[in-house]
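Protein chains in written order, with the numbering used here: chain L, 35 to 173; chain U, 35 to 173; chain Z, 35 to 173.
Derived from the structure by calculation, the hints contain no laboratory data. Hints may contain errors.
[Claimed, not checked] Selected chain L positions facing chain U (Cβ under 8 Å, derived; list incomplete):
hint	residue
1	E65
2	E70
3	N87
4	D88
5	A139
6	T141
7	G143
8	L145
9	G148
[As the list claims (entries may be wrong)] A short, non-exhaustive set of chain Z residues, derived as facing chain L with CB atoms under 10 Å:
hint	residue
10	E41
11	D45
12	I46
13	V60
14	G71
15	L72
16	G92
17	E102
18	H107
19	M132
20	G133
21	T141
22	Q152
[As the list claims (entries may be wrong)] Simulated pairs of lysine-lysine, DSS-like, Cα-Cα distance not exceeding 27 Å:
hint	chain 1	residue 1	chain 2	residue 2
23	Z	K117	L	K36
24	U	K117	U	K164
25	L	K40	U	K36
Being a predicted model, the structure only gives us computed values, none of them experimental. For glycine and all other residues, C-beta sits at the position ideal for the given N, C-alpha and C.
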Amino acid sequence: MKSYRKELWFDIPSRREFRNITPYVVDCLRESGITEGLLLCNAMHITASVFINDDESGLHNDFERWLEDLAPHAPISRYQHNKTGEDNGDAHLKRTVMGREVVVAVTAGQLDFGPWEQIFYGEFDGQRRKRVLVKIIGE
Amino acid sequence: MKSYRKELWFDIPSRREFRNITPYVVDCLRESGITEGLLLCNAMHITASVFINDDESGLHNDFERWLEDLAPHAPISRYQHNKTGEDNGDAHLKRTVMGREVVVAVTAGQLDFGPWEQIFYGEFDGQRRKRVLVKIIGE
Amino acid sequence: MKSYRKELWFDIPSRREFRNITPYVVDCLRESGITEGLLLCNAMHITASVFINDDESGLHNDFERWLEDLAPHAPISRYQHNKTGEDNGDAHLKRTVMGREVVVAVTAGQLDFGPWEQIFYGEFDGQRRKRVLVKIIGE
């Protein structure tokens, strides 16, 4: 069995953003030399997500509005977590909706994806350097 | 290490449905000959889900109403995504709540499940052929 | 390829609770002798979750209030599922938001975690013995 590990670092200039990281993950897979197996891609922070959906800006705006409706950022007094001095209570909830991780099949050296699947980093508390982990096991 | 891959195709006659696909996944596991490992089952489309829950029709009605409340289908103008000519903005959000994938332990040649766990395909934009991927790695 | 399996049992005295189970999962990893691979940790019940977030009690209170807002427990007549004699319709929905499972990279014999990542068991229908599965594959 082979295994491969890499950290991808991002420094998102705004509080929230969805960024297509598929090309970086494809680079990891190529570098790993693994052709059959499973690939895990997860946020290493608890106020960020990794998820799979469509690379369409209108949809990303829909996600943004929907998440803000489900777990509003303000007033920050709305969240007990923010009594610790944080202002990111909403970010923990938004990340929960969007998910921490994806597991992707690796087949014939490729991400085994349907036609529209793309991997996104979802930042909900940005303006600092944060990491995504790529781990691949297989042969 | 052994690996196995199969696509399961579904053509759901209505827009939305939850279908128990556990028997198909069990067939895949038997066909794979893998007795110890991990099984990934994921929707290959971004308006559909694979999830684990109870095979109880009342619960499925509860899921349907709850998701329609969280992310209503109409009016379709509600979603910027639908400006692309689609009418499935809600389906991307509903699939996000229910999840893209499940990872299941394989132990002694069986899906290593608790008493009520069953795997479902959740369709949120049906009336066309769509795919689920089953990938198994192990020995 | 090595594989390892263990069930962790919990008997939560109240209906709902979030419990940090990271130490138990670390024990499993040590016992497995696996140093490179993937670890799956999932609830074996469909009214409970395993998820990764922060071990901060204010945040846990925020999760509790938010989930109760998204899927209230009462009135139990609100859920068709409860016509079967159950009163846990809400628990199936809450577990769906929080997730069934996590997949964690194993690197150099450790859970390959970011600084704040901790694994929680989320109980939404407690007061009875329920199980979490830990499955590890690798070398």
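Okay, the hints, checked on the actual structure:
1. E65: 20 Å, violated
2. E70: 4 Å, holds
3. N87: 5 Å, holds
4. D88: 5 Å, holds
5. A139: Holds - the Cβ of A139(L) comes within 8 Å of chain U, reaching about 4 Å at its closest.
6. T141: 5 Å, holds
7. G143: 12 Å, violated
8. L145: This interface hint is violated because 11 Å lies over the 8 Å limit.
9. G148: Cβ of G148(L) sits 3 Å from chain U, so the hint holds.
10. E41: Because about 22 Å separates E41(Z) from the closest Cβ in chain L, which is outside the 10 Å limit, the hint is violated.
11. D45: Hint on D45(Z): violated, closest Cβ of chain L at ~25 Å, above 10 Å.
12. I46: 20 Å, violated
13. V60: Since chain L brings no Cβ nearer than about 17 Å to V60(Z), farther than 10 Å, the hint is violated.
14. G71: 6 Å, holds
15. L72: With a closest approach of 6 Å, the L72(Z) hint holds.
16. G92: 4 Å, holds
17. E102: The hint is violated - E102(Z) has no Cβ within 10 Å of chain L, the shortest such distance being about 13 Å.
18. H107: Because about 19 Å separates H107(Z) from the closest Cβ in chain L, which is outside the 10 Å limit, the hint is violated.
19. M132: Given a least distance of 7 Å, the restraint on M132(Z) holds.
20. G133: Holds, because the Cβ-Cβ distance from G133(Z) to chain L comes to roughly 7 Å (cut-off 10 Å).
21. T141: Where the cut-off is 10 Å and the nearest Cβ of chain L is about 6 Å from T141(Z), the hint holds.
22. Q152: 8 Å, holds
23. K117(Z) / K36(L): 51 Å, violated
24. K117(U) / K164(U): 23 Å, holds
25. K40(L) / K36(U): The given pair, whose Cα atoms are some 24 Å apart, holds under the 27 Å limit.
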